[in-house]
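Kindly produce the complete structure, drawing on both the sequences and the hints.
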Amino acid sequence: EVQLVESGGVLVQPGRSMKLSCAASGFTFSSFPMAWVRQAPTKGLEWVATISTSGGSTYYRDSVKGRFTISRDNAKSTLYLQMDSLRSEDTATYYCTIYNNYRWFAYWGQGTLVTVSS
Amino acid sequence: DVQMTQSPSNLAASPGESVSINCKASKSISKYLAWYQQKPGKANKLLIYSGSTLQSGTPSRFSGSGSGTDFTLTIRNLEPEDFGLYYCQQHNEYPPTFGGGTKLELK
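As you go down the protein sequences, you meet chains Y and X in turn.
In this text, residue positions in the first sequence follow the numbering used here: the first is 1, and each later residue adds one.
In this text, residue positions in the second sequence follow the numbering used here: the first is 1001, and each later residue adds one.
Quick caveat, the hints were computed from the structure, so don't treat them as lab data.
Treat the hints loosely; a few may be bogus.
List of simulated lysine-lysine pairs, BS3-like, C-alpha gap at most 27 Å [said to hold, decoys possible]: (1) Y:K76 <-> Y:K19; (2) Y:K19 <-> X:K1045; (3) Y:K76 <-> Y:K43; (4) X:K1031 <-> X:K1103; (5) X:K1027 <-> X:K1042; (6) X:K1103 <-> X:K1045; (7) Y:K43 <-> X:K1045; (8) X:K1031 <-> X:K1107; (9) X:K1045 <-> X:K1024; (10) X:K1027 <-> Y:K65; (11) Y:K43 <-> X:K1039; (12) Y:K76 <-> X:K1045; (13) X:K1107 <-> Y:K65; (14) X:K1027 <-> Y:K76; (15) Y:K43 <-> X:K1103; (16) Y:K76 <-> X:K1042; (17) X:K1107 <-> Y:K43; (18) Y:K19 <-> X:K1042; (19) Y:K76 <-> X:K1103.
Here it is, written out as structure tokens:
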């Protein structure tokens, strides 16, 4: 059974940094591109970033480019999202997903809440 | 970016009924639309991709149709577990974008 378990979400002040993790199991992690999708409170879903199987290619939405870094450790079956210079508009539940090369999100974790507030 | 617009925002129905949820793209996305179900306390679930292809495990009462800019998710013979939020997402081009969601509630 595919399992994606996110962690690391906390309350943080604007301008600070935070790193999210996603522990994957139940599938061959190194064979699948991965992605982060977020959802602000009472809002819809928003793609954040994608990473290729090797980690050699990464893609970001414009609003997080230069501030967020997606990475992966295939030996540990873990996906990461380093978030720097956080803003209040980054407040959201962040979901780890298995990303299909045809650009849909095949499996999702249950999410971790990031709150950016002073 | 391709803008995705869902309608209605809210929908009330009873078990056994059929409902349809619409999704409109701001430009043609060919057949490349996915549908997801979101329920509290559960992981989001991919239901349909490429407009009409059911993801493994999706019950056959779910169906997707459409192409170009207009798409529909139809759920026939609603079951109690079908109530929740539904989102469409275009997967034709980068960046992938989602609709605003449709809340399917028990009447």
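Measure nothing beyond the straight line between the CA atoms of K1045 of chain X and K1024 of chain X; if it is 27 Å or shorter, mark the hint as holding. 21 Å, holds
Proposed proximity, K1042 of chain X with K19 of chain Y (alpha carbon, max 27 Å): 23 Å, holds
Assess, step by step, whether the Cα of K1107 of chain X is no farther than 27 Å from the Cα of K43 of chain Y, and give holds or violated. 23 Å, holds
Does the alpha-carbon distance linking K1027 of chain X and K1042 of chain X stay inside the 27 Å limit? Outside the cut-off at roughly 32 Å; violated.
Does K76 of chain Y pair with K1045 of chain X here, judged by a C-alpha cut-off of 27 Å? Within the cut-off at roughly 25 Å; holds.
Sort out whether K43 of chain Y lies within 27 Å of K76 of chain Y, counting only the CA atoms. 32 Å, violated
27 Å Cα cutoff - pair K19 of chain Y, K1045 of chain X: Between K19 of chain Y and K1045 of chain X the Cα gap is close to 25 Å, so the pair holds against 27 Å.
Given the hint that K43 of chain Y pairs with K1045 of chain X, test it: the Cα-Cα distance must not exceed 27 Å. 18 Å, holds
For the pair we were handed, K1103 of chain X and K1045 of chain X, check the Cα-Cα distance against 27 Å. Judged against 27 Å, a Cα distance of about 15 Å means the pair holds.
Need the status of pair K1027 of chain X, K65 of chain Y: alpha-carbon distance at most 27 Å? 25 Å, holds
If you draw a straight line from the CA of K43 of chain Y to the CA of K1039 of chain X, is it 27 Å or shorter? Roughly 14 Å separates the two Cα atoms, so the pair holds.
Tell me if the straight-line CA distance from K1107 of chain X to K65 of chain Y falls inside 27 Å. Violated, at roughly 43 Å.
Hint compliance for this structure: hints 3, 5, 8, 13, 14, 19 are not met, and every other hint is.
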